[in-house]
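So the sequences go chain by chain: C and D.
Heads up, the first sequence is in UniProt numbering, so the first residue is 1 and it goes up one at a time.
Heads up, the second sequence is in UniProt numbering, so the first residue is 1 and it goes up one at a time.
No lab work stands behind these hints, which were simulated from the structure alone.
Cβ coordinates follow ideal geometry from the N, Cα and C atoms, glycine included.
Errors might be hidden in some of the hints.
[Said to hold, decoys possible] Here are a few chain D residues that face chain C, going by a calculated C-beta distance under 8 Å:
(1) Asp2
(2) Leu50
(3) Asn57
(4) Glu75
(5) Pro78
(6) Leu104
(7) Gln152
(8) Lys156
Protein chains: 2
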Amino acid sequence: MDLDPQTDLHFTRTLSVPRKLIWECWTSPEHIPHFFVPRPHKVTSCDIDLKVGGRFNTTFEVEGKPMDNHGVFLEVIPDEKLVFTDAYTEGWKPAPDPFMTAILLLSDASDGGTTYTAIARHRSPETRQAHEDMGFYGGWGTVADQLVEYAQRLMK
Amino acid sequence: MDLDPQTDLHFTRTLSVPRKLIWECWTSPEHIPHFFVPRPHKVTSCDIDLKVGGRFNTTFEVEGKPMDNHGVFLEVIPDEKLVFTDAYTEGWKPAPDPFMTAILLLSDASDGGTTYTAIARHRSPETRQAHEDMGFYGGWGTVADQLVEYAQRLMK
Chain C
1 MDLDPQTDLH
11 FTRTLSVPRK
21 LIWECWTSPE
31 HIPHFFVPRP
41 HKVTSCDIDL
51 KVGGRFNTTF
61 EVEGKPMDNH
71 GVFLEVIPDE
81 KLVFTDAYTE
91 GWKPAPDPFM
101 TAILLLSDAS
111 DGGTTYTAIA
121 RHRSPETRQA
131 HEDMGFYGGW
141 GTVADQLVEY
151 AQRLMK
Chain D
1 MDLDPQTDLH
11 FTRTLSVPRK
21 LIWECWTSPE
31 HIPHFFVPRP
41 HKVTSCDIDL
51 KVGGRFNTTF
61 EVEGKPMDNH
71 GVFLEVIPDE
81 KLVFTDAYTE
91 GWKPAPDPFM
101 TAILLLSDAS
111 DGGTTYTAIA
121 RHRSPETRQA
131 HEDMGFYGGW
141 GTVADQLVEY
151 AQRLMK
């Protein structure tokens, strides 16, 4: 994938969880609340229609205030690639002021683990910088930690 | 489909051409130049990778000046639904200032014809109005006329 350092953020990590389980956690409304936002923030609802153009809607509770996030999936390749964005809501309705497009890439790592790449693409260098300043690396890194912790509990 | 009169433009027509052929014309780089922009404007190149996230790039010649249009397909359901936009280029790179998302819907009409619906969704009422002022109805209507004329020649 041809990334643009001006507008994209990304990192790759090896997670000690099989990619089938990572995929399941990232695409199931019952799993999402367990890892999807850095604690103590909370996911209070999650509505998923897992298909191209299908909805990926969540509500967070951030310092006691609800925050609605409406988006869609752009690409769904089971166990391998998930692309979603807030640039559209269901029915391909363009959002007035989208923030980002996220790409998750999963591949096999040694010992049954997963090579996990998270990419956030933005439409301008300013939006990319705002996302970095909001704590992209720490936030998405914490989500990856929480995901591993939660998935390992499911494996037991 | 839940349309929004504030931000969407659309029309439906019955075309006396089978929908398989309409689909073929709309998705083949060799057919596109024959109908895709109102004459005397010209399509001088067309590059298509017909899949979700695949490129839909064209160059027009408008009053002697080349105009590049880069976009992707968002949804591809053969003979039925085609969604494309300039909001992304290949690899899900968000465009800084997208104009619209187009949805073509094809279904069977009587006598082997096609019910043809063209929808353009915009991110703001201002963009919708700009598109109407640019001549959405006339332009897309002329494209539909040119498409029927061209496709009927292919049928002979």
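A quick look at each hint next to the structure:
1. Asp2: 6 Å, holds
2. Leu50: For D:Leu50, the interface hint is violated, since the closest Cβ of chain C sits about 14 Å away, which is over 8 Å.
3. Asn57: This interface hint is violated because 15 Å lies over the 8 Å limit.
4. Glu75: Interface hint status for D:Glu75: holds (5 Å vs cutoff 8 Å).
5. Pro78: With a closest approach of 14 Å, the D:Pro78 hint is violated.
6. Leu104: Status violated, d = 12 Å.
7. Gln152: 30 Å, violated
8. Lys156: Status violated, d = 36 Å.
Of the hints listed earlier, those the structure fails to meet are numbers 2, 3, 5, 6, 7 and 8, in rising order.
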